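The opening position of the sequence shown corresponds to residue 510 in my numbering, with each subsequent residue numbered one higher.
FYI, nobody ran anything at the bench for these hints, they're computed from the structure.
Note that the structure is predicted; figures quoted are calculated from it, not measured.
Any given hint could turn out to be false.
When the alpha-carbon atoms are kept at most 30 Å apart in a straight line, the in silico DSSO-like pairs for lysine-lysine are as follows [to be verified]:
hint, residue 1, residue 2
1, K570, K529
2, K529, K542
3, K570, K542
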Amino acid sequence: FVMFGGAEIYLPGDWNVVLKGIPIFGGFSDERKQSSRVEEMLPGSTLVISGFVMFGGIEIKDALSHKKLGSA
510 FVMFGGAEIY LPGDWNVVLK GIPIFGGFSD ERKQSSRVEE MLPGSTLVIS GFVMFGGIEI
570 KDALSHKKLG SA
């Protein structure tokens, strides 16, 4: 549940993500650079994100890029 704000979720680029939810004046987005090759996805590494977003957003970002920037 996100309202009047945002959430960032950091995941490896080889994870498959399924975004299910109800966005009202907000949204869900996957900002990772992903390979178009299905065989590079890890089998069984699928995360389903479901929820409710109102006046905010949920972003999926690349964990590797986050780590390279020196963020905790």
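Going through the hints against the structure:
| no. | hint | result |
| --- | --- | --- |
| 1 | K570 x K529 | holds (17 Å) |
| 2 | K529 x K542 | holds (20 Å) |
| 3 | K570 x K542 | holds (9 Å) |
In this structure, none of the earlier numbered hints is contradicted; all agree with it.
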